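Enquirer: Below are the chains, spelled out letter by letter.
Protein chains: 2
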Amino acid sequence: MPEFKEMLADRVKETEEIIKRYLPEEAGFQRTIMKAMNYSMNAGGKRIRPLLMLETGRLFGFGGARKELEHFMAAIEMIHTSSLIHDDLPCMDNDEYRRGKKSTWAAFGEDMGVLAGDALIVEAFSVASDAFSGTEHPYRVGQAVRILAEKTGIYGMIGGQVVDVELTNQPVPADKLDFIYRLKTGALLEASMLIGAVLAGAEEEDCGKISRIALNVGLAFQIQDDILDVMGDPELLGKPVGSDERNAKTTFVTLKGLDEAREEVKRLSEEAISQLHSLNREDTFLEQLIRMLITREK
Amino acid sequence: MPEFKEMLADRVKETEEIIKRYLPEEAGFQRTIMKAMNYSMNAGGKRIRPLLMLETGRLFGFGGARKELEHFMAAIEMIHTSSLIHDDLPCMDNDEYRRGKKSTWAAFGEDMGVLAGDALIVEAFSVASDAFSGTEHPYRVGQAVRILAEKTGIYGMIGGQVVDVELTNQPVPADKLDFIYRLKTGALLEASMLIGAVLAGAEEEDCGKISRIALNVGLAFQIQDDILDVMGDPELLGKPVGSDERNAKTTFVTLKGLDEAREEVKRLSEEAISQLHSLNREDTFLEQLIRMLITREK
Numbered sequence: 002m003p004e005f006k007e008m009l010a011d012r013v014k015e016t017e018e019i020i021k022r023y024l025p026e027e028a029g030f031q032r033t034i035m036k037a038m039n040y041s042m043n044a045g046g047k048r049i050r051p052l053l054m055l056e057t058g059r060l061f062g063f064g065g066a067r068k069e070l071e072h073f074m075a076a077i078e079m080i081h082t083s084s085l086i087h088d089d090l091p092c093m094d095n096d097e098y099r100r101g102k103k104s105t106w107a108a109f110g111e112d113m114g115v116l117a118g119d120a121l122i123v124e125a126f127s128v129a130s131d132a133f134s135g136t137e138h139p140y141r142v143g144q145a146v147r148i149l150a151e152k153t154g155i156y157g158m159i160g161g162q163v164v165d166v167e168l169t170n171q172p173v174p175a176d177k178l179d180f181i182y183r184l185k186t187g188a189l190l191e192a193s194m195l196i197g198a199v200l201a202g203a204e205e206e207d208c209g210k211i212s213r214i215a216l217n218v219g220l221a222f223q224i225q226d227d228i229l230d231v232m233g234d235p236e237l238l239g240k241p242v243g244s245d246e247r248n249a250k251t252t253f254v255t256l257k258g259l260d261e262a263r264e265e266v267k268r269l270s271e272e273a274i275s276q277l278h279s280l281n282r283e284d285t286f287l288e289q290l291i292r293m294l295i296t297r298e299k
Numbered sequence: 002m003p004e005f006k007e008m009l010a011d012r013v014k015e016t017e018e019i020i021k022r023y024l025p026e027e028a029g030f031q032r033t034i035m036k037a038m039n040y041s042m043n044a045g046g047k048r049i050r051p052l053l054m055l056e057t058g059r060l061f062g063f064g065g066a067r068k069e070l071e072h073f074m075a076a077i078e079m080i081h082t083s084s085l086i087h088d089d090l091p092c093m094d095n096d097e098y099r100r101g102k103k104s105t106w107a108a109f110g111e112d113m114g115v116l117a118g119d120a121l122i123v124e125a126f127s128v129a130s131d132a133f134s135g136t137e138h139p140y141r142v143g144q145a146v147r148i149l150a151e152k153t154g155i156y157g158m159i160g161g162q163v164v165d166v167e168l169t170n171q172p173v174p175a176d177k178l179d180f181i182y183r184l185k186t187g188a189l190l191e192a193s194m195l196i197g198a199v200l201a202g203a204e205e206e207d208c209g210k211i212s213r214i215a216l217n218v219g220l221a222f223q224i225q226d227d228i229l230d231v232m233g234d235p236e237l238l239g240k241p242v243g244s245d246e247r248n249a250k251t252t253f254v255t256l257k258g259l260d261e262a263r264e265e266v267k268r269l270s271e272e273a274i275s276q277l278h279s280l281n282r283e284d285t286f287l288e289q290l291i292r293m294l295i296t297r298e299k
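The listed protein sequences derive, respectively, from chains H and L. For the first sequence, my numbering assigns the number 2 to the initial residue and increments by one for each residue that follows. For the second sequence, my numbering assigns the number 2 to the initial residue and increments by one for each residue that follows.
Check each hint, because a few of them may be wrong.
The list makes no distinction among identical chains, and a pair is therefore deemed to hold if it is satisfied within one copy or across any two copies.
What the hints assert, rightly or not - Mimicking DSSO-like on lysine-lysine, the simulated pairs with C-alpha atoms at most 30 angstroms apart in a straight line are:
id	residue 1	residue 2
1	Lys21	Lys250
2	Lys36	Lys177
3	Lys36	Lys250
4	Lys68	Lys299
5	Lys6	Lys257
6	Lys210	Lys240
7	Lys240	Lys250
8	Lys250	Lys103
9	Lys257	Lys299
10	Lys177	Lys102
11	Lys68	Lys257
12	Lys210	Lys267
13	Lys299	Lys267
14	Lys14	Lys68
15	Lys21	Lys267
16	Lys240	Lys177
17	Lys14	Lys240
18	Lys103	Lys267
Derived by calculation from the structure, the hints in this document are not laboratory data. In this text, all values refer to a predicted model and were calculated from it rather than measured experimentally.
Using the sequences provided together with the hints, build the complete structure.
Expert: Encoded structure:
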């Protein structure tokens with residue numbers, strides 16, 4: 002499907018350009034922190050979250066809030082990046098490299114690693130709340146800030162990280178694994194799509210559907226990750242496979258086996274696509290994007 | 002002035018009760034992080050920031066946004082507490098104790114120390130943006146969220162921390178010391194008073210005055226801290242004096258001497274009080290509160 006690939010390349014480029022506009026200028030006595038933030042934000046990455054936000058906004062025709070949406074696209078990528086920076090810290094996963102480059106703390110020092118993560122969380126809310134300036138939709142923007150905060154915090158991404166960290170090197174029961182997947186990976190994907198819908202003025206029922214679609218996509222995405230760690234091509238992935246088994250890590254695959262994992266990915270995807278179609282909107286690109294995210298081989 | 006002391010005790014109690022209402026319930030798989038957050042939020046402290054916010058809101062008669070203000074009182078204390086948690090980390094100041102209790106990372110582990118600080122930053126914006134729910138003043142709330150983010154981030158508190166961390170164990174030139182004082186201490190005090198004024202619907206000119214008052218108070222507060230480290234009574238302070246000299250730390254006193262420090266505190270206070278009076282409002286309690294903060298002996 003070469004047409005989709007070209008469109009995707011265009012949309013990713015559009016997303017990159019939007020994010021870049023909201024990065025801080027490296028100036029002033031505190032410029033080290035701006036450098037550390039920009040280093041991390043420009044370290045590559047698939048930009049899945051802002052892209053899903055953009056495409057969900059587009060699905061609902063943007064509702065006169067396209068500029069506001071762009072603020073939140075940058076904000077959600079900042080939140081995601083902050084979590085990677087802190088995950089890599091010596092007291093967390095102790096990773097010196099990420100995507101082939103030194104991780105933020107390894108490049109700027111551990112203290113700057115802590116502060117750069119903090120700074121990106123705050124900058125996310127700064128950029129998001131700047132969307133109030135001149136908006137005609139203050140309640141939508143307010144609702145979007147609430148979603149961003151709720152899905153990032155203890156009832157979202159950070160809540161999932163906490164349980165994940167506490168269970169390091171321990172077997173994880175199925176209910177807690179589901180909790181981790183829903184919160185650590187799922188919550189920000191849900192925020193991405195839901196903010197896109199809310200800012201565009203989508204109706205409550207449609208927002209509910211979008212939430213369910215996003216949670217399915219998040220779960221399927223994570224289970225596909227587990228499958229790839231067993232079955233993936235190390236060259237395509239750019240990293241060795243089998244790390245979960247070596248680290249005795251509990252995953253959906255170790256708990257339920259490969260066959261059930263594949264079936265679950267299929268079930269979750271079909272449910273997501275069927276919900277998407279039920280919105281009765283022009284969804285060709287978003288459907289293909291979701292299929293690509295879930296069935297990816299890298 | 003026994004009357005002020007009684008009023009102050011009442012207002013601090015009121016502030017404590019408001020903050021308590023916004024703390025997370027310790028429940029769910031992720032309850033460890035709620036425990037760590039509440040441990041840090043209940044570890045004592047003078048509640049200066051939410052108290053200044055409350056009293057600035059009162060100065061302008063609250064403007065029909067008293068409930069919204071309470072959200073932000075909890076939020077600003079969460080931001081302040083998050084900065085203490087991360088400051089204490091081994092890779093930052095490496096403090097095992099704070100106010101006679103184990104610091105958060107020492108009590109809950111270093112990984113939970115990082116995550117509890119992150120969680121409190123996000124929870125601050127969650128609690129703040131919940132003020133949108135049912136408000137009649139969405140633009141004021143939006144403006145308050147913007148101020149909170151700006152004064153917390155790289156152009157506020159975190160910007161000051163970065164420069165402070167970079168200059169550890171180095172002589173600090175006067176312009177950078179001023180920068181650190183204005184941002185690390187001053188910015189959150191400014192946010193506290195400014196948010197109080199903005200939520201109450203104060204006019205732009207009055208908001209400008211409030212900003213200048215708060216910055217003066219912040220600078221005077223910090224310089225008084227430096228004076229107390231030389232001249233203070235260790236029993237009243239509850240900690241040894243002379244630590245700045247022992248650590249070869251640059252302060253206003255080491256740069257300019259005690260006499261100039263005292264004169265600067267006096268000058269800043271008088272300017273702050275004169276600006277306060279120029280607002281022509283019932284400011285007796287707020288004036289006394291500011292005087293107490295600046296001329297404190299502990």
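Enquirer: What are the numbers of the hints that this structure violates, sorted from low to high?
Expert: 1, 4, 5, 6, 10, 11, 15, 18
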